[in-house]
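With the hints as a guide, dock the two chains, each given alone in a separate frame, to form the complex.
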Amino acid sequence: MSKITYREALNQAMCEEMARDERVFLMGEEVAEYNGAYKVSQGMLEKFGPKRVIDTPITELGFAGLGVGAAMAGLRPIIEFMTWNFAILALDQIVNAAAKMKYMSAGQYSVPMVFRGAGGSAARVGSQHSQSLENWLANVPGLKVVMPSNPADAKGLLKAAIRDNDTVCFIENEINYGDIGEVPDEEYIIPLGKADIKRAGSDVTIVAHSRMTGFALQAAEELARQGIQAEIIDPRTIKPLDENTILTSVAKTNRCVVAEEGWRFAGIGAEISARIMEKGFDHLDAPVARVTGKDVPMAYAANLERMTLPSVADIVEAARVVCHRA
Amino acid sequence: MSAKQSKTSKAAPGLTHEGRDYSAETLHAMHDSMLFIRRFEEKAGQLYGLKKIGGFCHLCNGQEAVCVGVEHAAQPTDYMMTGYRDHGHILARGADPTAIMAELLGRAGGIVKGKGGSMHMFDSNLNFAGGNGIVGEQVPIGLGFGFASRYRDDGRVTLCFMGDGAINQGAVYESLNMASLWKLPVVFVVENNQYAMGTSLSRASAETHLFKRGISFKVPGMHIDGMDVLEVERKMSEAIEHARSGEGPIIVEAITYRYRGHSMSDPATYRSRQEVDEWRTGRDPIARLQVQMIEAGLATEADFKDKDRDIKKQVAEIAKAAEDMPEPDAAEIWTDVYTDPIEGAYPYPGQVG
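Listed in order, the protein sequences are those of chains A and B. Quick note on this note's numbering: the first sequence kicks off at 1 and runs consecutively. Quick note on this note's numbering: the second sequence kicks off at 327 and runs consecutively.
Excised from the complex, chain B in its bound form (with noise of 0.2 Å):
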């Protein structure tokens, strides 16, 4: 299985929500991907304190509602790119979960071959391009996406998303204002998690409502609940019906939070465990939708639990399987740096060690 399940038809409405229909299967299928993503983040982190995974580990628990109701609000042939907190993005996007497990350990079979890590993850396949660890470095190049979808008229819709942090790069600006000039179809989707790395927004950020950034370039913004899958999905489907209509780009800020650490090493002492409570039992996404399924009657508690050990049951299958994976082939170092490299012009091409 796949963090990502398939969309459905809307033909057998298993809730109505703010005036949209959802199918159970459709339900399930977002309930069983945060889940699953969930599961697996916490698999990462377990394999990061084991020393399993190296260098840098930035998880997503508490923001799953935001990748994957944007996922379901979007077209696979919609590209899609973030910054350094993307497994839940790529999973979501429905990435083979043991290729990014294995990428996260270094391994052979991972999504990029050992080569990107954590931060970057690709997935040509399902238009997904990275995974960046810069701040706010996918922001330009969104630009470009949109700027090809519109160079070629393809219909496409850029999604790009970008953080409470990213927000106060000059790069967002820059893009802002060439895809408002342009008309370029992107979707700038913040993820506001309220903190970059240990800074809060109100200490980082003059104006915090970051919908609003977009204000001196014509671009509208929208503010929305990152904690609530169904409103991501349903107000992301007007943010992307609105960039693939001609009307350019637009701002959308979901209000979410991680509850984990900015990264592994992170012990997260510039909030109190108050704070992080409130979030994590008084708004957490998945437990949300779960009440939601229950009252529409589509499944019970003991559904849920049955799905919970089935998931964490795959997630440990797919570590296993992962770890089980050689190390990258020692040739790998030389490979994938040119297109075309020119022959015998380097200096002592394919040597190793």
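Isolated chain A, as found in the complex (with noise of 0.2 Å):
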């Protein structure tokens, strides 16, 4: 085991899939020369030259639709986004060419590719540079899309994203790119639509993906010090769900609460508390609680900005409420 970060994870993962398969090549704004807007790509110019690692213009519909071109004849596109808030200007690429294409074309034509950046709210970057679009590409049928929660799911989920046959919406965090963890010496992959049991727990099961995972964790310390267990399960991939962890867990503790950074209509937490609800409605004891970002754009003072998103208290309380100890 080595300890890096969050960044380096994803690096690394670029790095040994562009020396294992010559059709992967990275393009975004500033990846090449610049060496990545938050860094993930330091490095790759030298090691892989300007043909496999392209600095854009600032053109994120031009730039997707082109990966999406790249991918149907033949190529593996990594196409960066520096941040997922650029890329509502690609949706018309992500949702209706990547996502489409394979159906549109009953096989004929297929998109393997990553669009992948940083997503989620960062720190006092105002409205538009704070949001959680992930229930909105999880809606397209066509699209996978996976969030990683720490270094070592970054790097393996990363790799099986690049390998994968499918176009795959890969969502980082801003705030966890400095973020230090273990990650294995050799080579590993993790699969896509496989959760992980963060930590293990008996009383309530607790839901959590991307950083707020991190949350969960901090939450399941001060729960545990009022006697309370949580299970801790990161779905790692957002869609496909891998609602057999989920429900697994539900069965075991009947009560859930359902963690997320984005806002509360439509939300993964709404999809998730349904799912529970048509499968393991008679496993609960509880309503399913969901903990979200506040339904309004996010502000840019210090305080408003931190009453907006979730926090480990939210969890705690919420588990409380669930497990009737509030």
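No wet-lab data here; the hints were simulated from the structure. Do not rely on the hints blindly, as some may be mistaken.
[To be verified] Distance condition first, Cα-Cα at most 25 Å in a straight line; then the derived DSS-like pairs of lysine-lysine:
| no. | chain 1 | residue 1 | chain 2 | residue 2 |
| --- | --- | --- | --- | --- |
| 1 | A | K3 | A | K47 |
| 2 | B | K377 | A | K51 |
| 3 | B | K509 | A | K47 |
| 4 | B | K544 | B | K377 |
| 5 | A | K198 | A | K252 |
| 6 | A | K51 | B | K639 |
| 7 | B | K509 | B | K544 |
| 8 | A | K194 | A | K47 |
| 9 | A | K3 | A | K252 |
The structure presented is a predicted model; accordingly, all values stated were derived computationally and were not measured.
Set out below in structure tokens:
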């Protein structure tokens, strides 16, 4: 095991896959000469040259579409969005082209590629740079949505995403880029569509992804002090969702909290709650509680930003409510 | 028979036009391809009127010289993609017309198994990559095919079609910029039929000379008569050579006209009967080539009448064969969504109804 950062883990995943497969290339704004806006692609231009690590103009729709066409033609593009906020400009190519091409062409063309970049809120960057859009993407058939919460998952999942034969939207988290974690030294792949139990517990299931996984683990420490053992499940892949791991846990704990950074309306928590209601209703001793960001655009002021985002305390409180301890 | 007739050597010139020799066989192939597309589209229009074809159906009557001329200038390995007015292009490429008609009818034997319909035709064996319903969608995608060709140095050119409506989409300019910046082998073929749905070019475009739209990206442009298949073939050959030789992208604006409305539901009240008639009777690409061939002694009016009768009969047979095909199997709903599905990971996989 080595201790590396989340950004280094992503870098290693891309470098290993580019060394393995000549068809893989990285394209995006500032990925090459600048070494990445968040330094995720540090050193890659030097390693692989300008043919395979390509700086683009600021033109998200255009280079997203370029990736779709290149994938249809047989290459394996990694298209980096500096942040997923800017990918809104490219949604037409992601939703109308990448996601549907295989179906529309009855399997004649497929779009094996990765769209990746930072999602969620950073710190004090205001409403247009602070949002979680995974539920938009996860709603679309044909797309896969992956959101790693730590360095080891980031590396293993990104390698799987690059090798996957479908379009994968890989949503990183800017706040997590500097997180340090243990990563295996040998090569490994984490299959898509498999949740991970980050902490075992018997009293309440907390499902949390991306940055919220860390919040949930902190909440679990506090809950333990209060005599509540929380089981923390990180879906890792939002779509396809590993509902079995969640349902198995809920069958054991009979209580569930879903935590997400994004907006509440039609969010990931709504989907998970509905699945538990449909398939695990008889196991529930309390309604599923959702901890979400507030349904407002993000403000700049530090206090307003803090109050808009879910907190560790919010997760603790929700767990206490479903355990009838509040 | 298919819309695409074999290309032949230039060994026995049948006609010399603007300094370029065309064999009798090539001329017949171009003619028959255009006439086939014309009659095919008319049949599609009829079937739409009978409510056998549903949804949107955009016919290319009048624009046949563009798709056929481009195809004759291209190599079979060159990539091609377009918007939603795509029947003519895929037929010109040589796709199975029964499969195209079956697709229009929503049948299992359709070129994309009834999953695409009129706007989403694909034939990967012929390097025809769609078929897109969002105006301009195919332009960045074409850029990507061009990028792949340069990445692999495979010598292919991408022929990316769009209309005079699409040229105002932002994605087009993003694509022109990158194509030029990286000298990608892409020919942007603008089929200027002068109406974006019901909006005339002058009401939608500040610069109506669309071949100039690449100026600020240093993309050269060419302006051609899209009603003259020989001019299309000749000028497109130059444009394709430009792209193939590593000079980068080029825009070819082909002036053309659609005789029918934007789609089958459009009575086209935004233009005069007289205007349509002027194009139809004065500049029709099929009649024009027929006159040239008759003058060159390569065919007679009677030959063309016979040919037309044969093609109409073939198209009727194709329509009948396509209509006789079954609708897609219900299980097709679930196929082709993912290449690597994850077992048990989707809600209710495989269930129908």
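### Task
Of all the hints given earlier, name the ones this structure violates by number, lowest first.
2, 4, 6, 8, 9
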